[in-house]
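Student: Residues per chain are reported as follows:
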Amino acid sequence: MATITVFTEFSANGQLKKSAIELLTAARGSGNKIHAIALGSGAGQLAAQLGQHGVDEAFLGDHAAFDQYNPEVFTAAVAQILEANKPAIVLASSSLLGRDLFPRVAARLKTGIASDCTELSIQGDTLTVRRPMYAGKCTAAADMSKSPIKIALMRANQLPTGAPAGSKNVQVHTVAAPSLELKTLVKQVVKGASEKLDLTEANIIVSGGRGMRDADSFKLLHDLAEVLGATVGASRAVVDAGWVPHGMQVGQTGKTVAPTLYIACGISGAIQHLAGMSGSKVIVAINKDANAPIFQKATYGIVGDVFEVLPVLTAEFKKLLH
Amino acid sequence: MKVFVCVKQVPDTETKIKIRADGNGIDTIGIKWVMNPYDEIAVEEAIKMREGGKATHVTAIGLGPKARVSETLRTALAMGADDAIVIDAPEDVDSFSTAKALAAAIRAEGEYKFVLTGKLAIDDNQSSVSQMVAEFLGIPHTTVVSKLEYADNQVTAEREVEGGSREVVQLSLPAVVAANKGLNSPRYASLPGIMKAKKKVIKELALGSLDTGEGDIRVRFQNFQLPPEKPAAQIIPGDVATATATLVRLLREEAKVI
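The listed protein sequences correspond, in order, to chains L and S. Residues in the first sequence are numbered consecutively from 1, following this note's numbering. Residues in the second sequence are numbered consecutively from 1, following this note's numbering.
Keep in mind that a hint or two might mislead.
[Claimed, not checked] Taking CB as the label site, the calculated pair distances span: (1) L:Glu-83 x S:Val-168: 28 to 34 Å; (2) S:Glu-204 x L:Ala-290: 52 to 58 Å; (3) S:Glu-229 x L:Val-190: 40 to 46 Å; (4) L:Glu-83 x S:Asp-27: 37 to 43 Å; (5) S:Asn-153 x L:Ala-176: 27 to 33 Å; (6) L:Ala-165 x S:Pro-90: 15 to 21 Å; (7) S:Ile-29 x L:His-222: 40 to 46 Å; (8) S:Glu-214 x L:Asp-214: 52 to 58 Å; (9) L:Gln-171 x S:Ala-67: 52 to 58 Å.
[Claimed, not checked] Computed list of chain L residues with no C-beta within reach of chain S, every gap over 12 Å: (10) Gln-15; (11) Asn-32; (12) Ser-41; (13) Ala-48; (14) Asp-62; (15) Asn-85; (16) Ala-88; (17) Thr-111; (18) Asn-169; (19) Lys-183; (20) Arg-213; (21) Gln-252; (22) Ala-298.
Just so you know, the hints here were simulated from the structure itself, not pulled from any lab data. Please read these numbers as outputs of a predicted model, since none were measured by experiment. Note that beta-carbon positions come from the ideal geometry of N, C-alpha and C, so glycine has one too.
Whole structure, please, built from the sequences with the hints as guidance.
Tutor: This is the structure:
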């Protein structure tokens, strides 16, 4: 039996993130031994939750040194655990943290990594992953047979979460804060205005393009997003025009997203935008121009003026959901 | 101080991707190759550093089939880089071997204080090479940086973190920084710049001379597939009130996503 190590991110309220549960569910299905790593204040309280999701051994770093992500500290701690335990497979979320940390861990362990995977299956100790290439214009399988430890970063919302398996007794290992002479210091964290999920993790995205006419009109999108619990995104044209910050950009030079529902408002559908969102499960397009390319990718379309449709649509969802 | 900027050549974002006959890559015939957009930002930042007196010399460095990758390095030279290094390599080397070779080439140049890269390349989206170069050089890194300030022996970087929050990170040099959009607006190469670039030197290195080879490839992408063709959208008819009511019903009852 092989070992699969899952790096489990958790929120400030001490709950495993949904993306972590997705990874644990996938790992559990393979019948291998499961190790979990969790770092940060409160990690020590996670043992029971991890046990419910089938974890055999947990490496918990309940230490303030892990509260703020620091690449040097996290790389040292994670690489040490992996070197000592030699898992066949390592799974982590393709979050900003995962994408910053694990390539460095891979280089330290002289192994390979596939980031931003959208499909994953594990049979015995064989890991099969597919991932988008060219921002989703095509996909490819990543052959990691030459990687001594196979590291895969999974995009959120791609895998099912299974019901807890009946609790396991987790063997807990305490992870000490590595003692390093740090060359990286996190000086400050400036909280964003929005408490919303990042676009890459959002389950529903309401996105606006040039058809929104100006920055102020994005309020219509925020109103709709509020009702749906969605995150607001934007096209490159809108970001380039300076209406919204670049962190909101969906597309090949922005974020590649794959929510359950993507509502494109006043977006014509440039090829680089379509590449970034075509992995969405259901796509709704609202556009005045019946010939807009976005309708080729959409599941449902309304040909109409966003300024007329959006307020009515928001009211309609409100009726249904509240 | 000497600044290195790592540059990758990628298909233009407007490229329509065709899969190669063997299924293990894309058909590169007819592709318009450009500098990875995030690397343009890195090149701009390096040149701005030299213009601002923070850097003395900018070296652009790229890896791949040398004939075409040299064109992209020529663009970096036309933007204002002082010289360039091309590491001749096959099409499909992975992040690990790329980073190993880049780090070896940088180390071989002697002094390295600061290395800039883009936050990811828009072809394979691995977002790995920057961090791996830092690891191979044994120096700190930070990624997704949209603001940078330079003091004597350190840089202060502002980076995007989850949910629109920003983090301010201070790194002692030498260090590797990966640029995000927002850091600057890359300049276009001017005509005099393009003329000057023709006279600048692009040094050629073989992958093998950097102790990197076939055995360093850890990941191979294969079995490429185009996304399944979707049927065109179901256009919902009726006036605004009817259409929106129908849409909401379909999302709940047919698509079951609400």
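Student: Does each hint fit the structure? Answer for all of them.
Tutor: We went through each hint and held it up to the structure:
1. Remark: the range hint 28 to 34 Å for L:Glu-83 to S:Val-168 is upheld by a beta-carbon distance near 32 Å.
2. In this structure the supplied range 52 to 58 Å holds for S:Glu-204 paired with L:Ala-290, their Cβ-Cβ distance being about 53 Å.
3. Against the hinted window of 40 to 46 Å, the Cβ-Cβ separation of S:Glu-229 and L:Val-190 comes to about 44 Å, which satisfies the hint.
4. Roughly 41 Å separates the CB atoms of L:Glu-83 and S:Asp-27, a value that falls within the hinted 37 to 43 Å.
5. At about 30 Å, the beta-carbon gap between S:Asn-153 and L:Ala-176 stays in the expected band of 27 to 33 Å.
6. A C-beta distance of roughly 45 Å is found between L:Ala-165 and S:Pro-90, which places it outside the suggested range of 15 to 21 Å.
7. For S:Ile-29 and L:His-222, the Cβ-Cβ distance of about 45 Å falls inside the hinted range of 40 to 46 Å, so the restraint holds.
8. A beta carbon spacing of about 54 Å between S:Glu-214 and L:Asp-214 agrees with the range 52 to 58 Å that was offered as a hint.
9. Evaluation of the 52 to 58 Å hint for L:Gln-171 and S:Ala-67 yields a pass: the beta carbon distance comes to about 56 Å.
10. For L:Gln-15, the requirement that its beta carbon stay farther than 12 Å from each beta carbon of chain S is met, with the minimum near 16 Å.
11. Non-interface status of L:Asn-32 relative to chain S is upheld: no Cβ of that chain comes within 12 Å, the nearest being about 21 Å off.
12. The claim that L:Ser-41 lies off the interface holds: its Cβ sits roughly 17 Å from the closest Cβ of chain S, which is beyond the 12 Å cut-off.
13. Even its closest Cβ contact with chain S, about 26 Å, leaves L:Ala-48 beyond 12 Å, as expected for a residue assigned away from the interface.
14. The claim that L:Asp-62 lies off the interface holds: its Cβ sits roughly 21 Å from the closest Cβ of chain S, which is beyond the 12 Å cut-off.
15. Remark: the non-interface label on L:Asn-85 is consistent with the geometry, its nearest Cβ contact in chain S lying 20 Å away (cut-off 12 Å).
16. The Cβ of L:Ala-88 lies farther than 12 Å from every Cβ of chain S, with a closest approach of about 14 Å, so its non-interface assignment holds.
17. Some Cβ of chain S comes within 12 Å of the Cβ of L:Thr-111; the nearest lies about 6 Å off, and the non-interface call is violated.
18. Remark: the non-interface label on L:Asn-169 is consistent with the geometry, its nearest Cβ contact in chain S lying 33 Å away (cut-off 12 Å).
19. With a minimum CB-CB distance of about 4 Å to chain S, L:Lys-183 fails to clear the 12 Å threshold, and the non-interface call is violated.
20. No beta-carbon of chain S is positioned within 12 Å of the beta-carbon of L:Arg-213; the least distance is around 18 Å.
21. Not every CB of chain S lies more than 12 Å from the CB of L:Gln-252, the least distance being 5 Å, so the non-interface label is violated.
22. The beta carbon of L:Ala-298 sits about 4 Å from the closest Cβ of chain S, which is not more than 12 Å, so the claim that it is off the interface is violated.
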